[in-house]
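Chemist: Sequence:
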Amino acid sequence: MHVRSHARRAGRRTVPALGLAAIMVLTTQLAVVAPAGAALAGLTRVTSTGPSNSDWKTRQANCPTDTLLVAGGGRVNGATGQVVMDTMLPVLGATDGYSVTGREDDAPGFTGDWSITATALCAREPAGWELAESTTPWSSASKALTVFCPLGKQLLGVGLEINGGLGQVVVDEVRPSADLSQVTLTAIEDGTGYADEWQIRGKVICVSPLAGLARVAGIGVLDSNPVKSATATCPAGKLVHGVGGEIDGGAGQVRLTGLEPISDTQVRVTAAEDEDGFTGNWAPRAYAICA
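Mapping of the sequence shown onto the UniProt record's numbering: position 192 corresponds to residue 192, and the numbering continues sequentially without gaps.
Note that these hints are calculated values from the structure, not bench results.
Just so we're clear, the structure is a prediction, and the values are computed from it rather than from any experiment.
Do not take every clue at face value.
Cross-link-like lysine to any residue pairs, in silico, SDA-like; alpha carbons within 25 Å at most [unchecked claim]:
1) 228 with 280
2) 228 with 265
3) 228 with 192
4) 228 with 109
5) 228 with 251
6) 228 with 195
7) 143 with 182
8) 143 with 186
9) 143 with 196
10) 143 with 125
11) 228 with 106
12) 228 with 285
13) 143 with 195
14) 143 with 181
What follows is a set of in silico ranges between Cβ atoms, one per label pair, in the way DEER data are often shown [to be verified]:
15) 276 with 127: 41 to 51 Å
16) 137 with 179: 19 to 29 Å
17) 150 with 279: 35 to 45 Å
We put the beta carbon where it would ideally sit given N, CA and C, even for glycine.
Using the sequences and the hints given, assemble the complete structure.
Modeler: Dropping the structure here:
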């Protein structure tokens with residue numbers, strides 16, 4: 001596991017390579033919301049929606065000047081169950097941001113247009129800000145990865161990238177632990193399987209403990225309906241500082257289509273069965289990290 005602190009430098013910083021195609025920017029819809037009373041000073045939610053077309057694509061929401069990324073999320077718009085959201089990743093560079101990538105699944109793919117929305121949660125530099133990351137070995141089997149915060153720190157932001165999955169590996173679990181010391185990331189090959197090797201790359205953004213920081217869960221209905229969502233709501237007086245979610249019982253045939261803070265106090269997870277459907281019962285689960 002690699003750990004590094006965030007040190008502001010004078011001048012421009014270099015954005016690390018993500019192993020992805022160039023970010024596609026044709027249109028932009030940008031919303032900035034600055035909640036009052038957050039545990040972190042200057043907590044701001046930035047949302048950006050990219051072009052709607054039938055290509056795989058990446059979208060990034062960037063933090064305002066003089067703020068750092070603390071968490072993020074995203075969603076797919078317009079392609080229920082046929083686009084795999086396989087990268088949700090913190091990006092540190094000249095501007096901090098949160099990057100989300102969607103890919104159509106294997107044949108027959110999806111003939112319609114769809115877009116990606118990315119959301120970044122940003123704040124003035126928190127005490128003890130650090131980024132920790134880890135990867136799994138390459139293999140052709142479904143797998144899980146646990147990424148730990150440095151000792152004595154708690155996680156806010158979570159990110160993962162499925163390297164080599166090419167739309168045939170679905171994110172099943174982005175689960176912060178109850179004590180917020182670690183996150184478990186699980187990915188499953190889709191219902192048709194996948195012969196090539198792939199890996200999970202995971203990241204966590206960790207800070208010195210915040211007063212009252214806690215994980216709150218919300219679970220959707222456990223049944224066989226093809227599309228559903230779950231919402232986690234922070235207790236009164238607390239605001240969302242981080243995001244997580246998972247699919248219970250999806251068996252690789254349910255796609256995570258949204259994992260995002262939808263307001264200052266709520267996190268929503270949305271999911272949909274693939275185009276062949278799924279006869280089993282499953283449920284989405286949302287996690288809000290609140291302070």
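Chemist: Now look at each hint and say whether the structure bears it out.
Modeler: Right, here's what the structure says about each hint:
no.: 1; hint: 228 with 280; in the structure: 14 Å, holds
no.: 2; hint: 228 with 265; in the structure: 20 Å, holds
no.: 3; hint: 228 with 192; in the structure: 23 Å, holds
no.: 4; hint: 228 with 109; in the structure: 21 Å, holds
no.: 5; hint: 228 with 251; in the structure: 16 Å, holds
no.: 6; hint: 228 with 195; in the structure: 30 Å, violated
no.: 7; hint: 143 with 182; in the structure: 17 Å, holds
no.: 8; hint: 143 with 186; in the structure: 6 Å, holds
no.: 9; hint: 143 with 196; in the structure: 14 Å, holds
no.: 10; hint: 143 with 125; in the structure: 34 Å, violated
no.: 11; hint: 228 with 106; in the structure: 23 Å, holds
no.: 12; hint: 228 with 285; in the structure: 10 Å, holds
no.: 13; hint: 143 with 195; in the structure: 14 Å, holds
no.: 14; hint: 143 with 181; in the structure: 20 Å, holds
no.: 15; hint: 276 with 127: 41 to 51 Å; in the structure: 49 Å, holds
no.: 16; hint: 137 with 179: 19 to 29 Å; in the structure: 27 Å, holds
no.: 17; hint: 150 with 279: 35 to 45 Å; in the structure: 44 Å, holds
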